[in-house]
Amino acid sequence: MNSFTSRLNSLFAFTLSVMAALTFGCFLSTVLNDHLRPVQLSVGKVSVKNVPDYSADRDRSDLGFITFDLFTDLSPLYNWNVKMLFLYLTAEYKTKDHDLNQVVLWDKIVKRGENTILDFRKTNTKYYFWDYGNGLKGNENVTLSLRWNVIPNAGTLPNVKGLGSQVIRFPDQYTAGRF
Amino acid sequence: MIVSSALMIWKGLMVVTGSESPIVVVLSGSMEPAFYRGDLLLLTNHKEEPIRVGEIVVFKIEGRDIPIVHRVLKVHEKEDGSVKFLTKGDNNAVDDRGLYARGQLWLEKKDVVGRAKGFLPYAGIVTILMNDYPKFKYAMLAFLGIFVLTHRE
Numbered sequence: 001m002n003s004f005t006s007r008l009n010s011l012f013a014f015t016l017s018v019m020a021a022l023t024f025g026c027f028l029s030t031v032l033n034d035h036l037r038p039v040q041l042s043v044g045k046v047s048v049k050n051v052p053d054y055s056a057d058r059d060r061s062d063l064g065f066i067t068f069d070l071f072t073d074l075s076p077l078y079n080w081n082v083k084m085l086f087l088y089l090t091a092e093y094k095t096k097d098h099d100l101n102q103v104v105l106w107d108k109i110v111k112r113g114e115n116t117i118l119d120f121r122k123t124n125t126k127y128y129f130w131d132y133g134n135g136l137k138g139n140e141n142v143t144l145s146l147r148w149n150v151i152p153n154a155g156t157l158p159n160v161k162g163l164g165s166q167v168i169r170f171p172d173q174y175t176a177g178r179f
Numbered sequence: 001m002i003v004s005s006a007l008m009i010w011k012g013l014m015v016v017t018g019s020e021s022p023i024v025v026v027l028s029g030s031m032e033p034a035f036y037r038g039d040l041l042l043l044t045n046h047k048e049e050p051i052r053v054g055e056i057v058v059f060k061i062e063g064r065d066i067p068i069v070h071r072v073l074k075v076h077e078k079e080d081g082s083v084k085f086l087t088k089g090d091n092n093a094v095d096d097r098g099l100y101a102r103g104q105l106w107l108e109k110k111d112v113v114g115r116a117k118g119f120l121p122y123a124g125i126v127t128i129l130m131n132d133y134p135k136f137k138y139a140m141l142a143f144l145g146i147f148v149l150t151h152r153e
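First to last, the protein sequences are chains A and B. Note that the working numbering numbers the first sequence so that position 78 is 78, with each residue one more than the last. Note that the working numbering numbers the second sequence so that position 26 is 26, with each residue one more than the last.
For the record, the hints were derived by calculation from the structure and aren't laboratory data. Treat the hints with care, as some may be off.
Dumping the calculated PhoX-like pairs for lysine-lysine here, alpha-carbon to alpha-carbon at most 25 angstroms [said to hold, decoys possible]:
# : chain 1 : residue 1 : chain 2 : residue 2
1 : A       : Lys-96    : B       : Lys-78
2 : A       : Lys-161   : A       : Lys-108
3 : B       : Lys-135   : B       : Lys-110
4 : A       : Lys-94    : B       : Lys-78
Here are some, though not all, of the chain A residues that point toward chain B, as calculated from beta-carbon distances under 7 angstroms [said to hold, decoys possible]:
#  : residue
5  : His-98
6  : Leu-100
7  : Val-103
8  : Tyr-132
9  : Asn-134
10 : Asn-141
11 : Ser-145
12 : Leu-157
13 : Val-160
Using N, Cα and C, we set each Cβ at its ideal position, and we do this for glycine too.
Based on the provided sequences and hints, a complete structural model is requested.
What follows is the structure, encoded as structure tokens:
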């Protein structure tokens, strides 16, 4: 029994060390990647309303509406150490009340092995574009960009902004009536 | 010697990352398929680092013990650096407003206990097994006890 358990013990310890070394090698082999890709973005209809936000504090806030087109080929980003990419379409802008606002309008998970060429036309946003206040009307400088979070098999979790963005200009007038 | 060097490594990690618990095990499935139960996360907590959308933050709701690891969905930052942000788990259909304290609509910097910077799969599976199957925990402790008592070195 003595030699059996000690052999089992050393086998177990060896397996664990080999797996740890492989995992570390997996991480090291991709740590210098920059994960950048060009992205083509454009927007269609752009409008803004001023309505009470019932999911928040019932104050009237600006609610933006956009449709967007997105095209990018993310295939070169996928290697043996990329489990999936978490893509998120971000609108970034400045208002009177807040120096920096970032709102995620749409997100998608693309795992390794799935289709990595994205071609979306006239797509609606997944999440409501609420401002914290009334800073969207007449805002000429709302930047739309696609970013992604790289989830590796083992290693760091970088957030990367795609190369290419689109500026949205919201109209000076609120749109009345139903959506 | 082993115990003290392990403790030193742990405390050293705490200092370098600035986090009270720099290594955590993922306990829920709310961030699948990125993180599964039993995965290990390396956290940092550098307070000067700004909070931006897409980041995975670990936060605690006031009055509750359990830290939650979710992704930032919205950020509204003022000139003085004060920030209000909203989070959502990747595997949840709605944002976390339902999880926050009564009347709380946003999280602030003070609620953050860390940011996920590194990831190691399956390394925390023993913690999950011990939590889910208490008999396993007692069996492990008994086995270790017997091993320590009977091992001759």
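Quiz prompt | Index of numbered hints that the structure contradicts, given in increasing order | solution = Violated: hints 3, 9, 10, 11 and 13.
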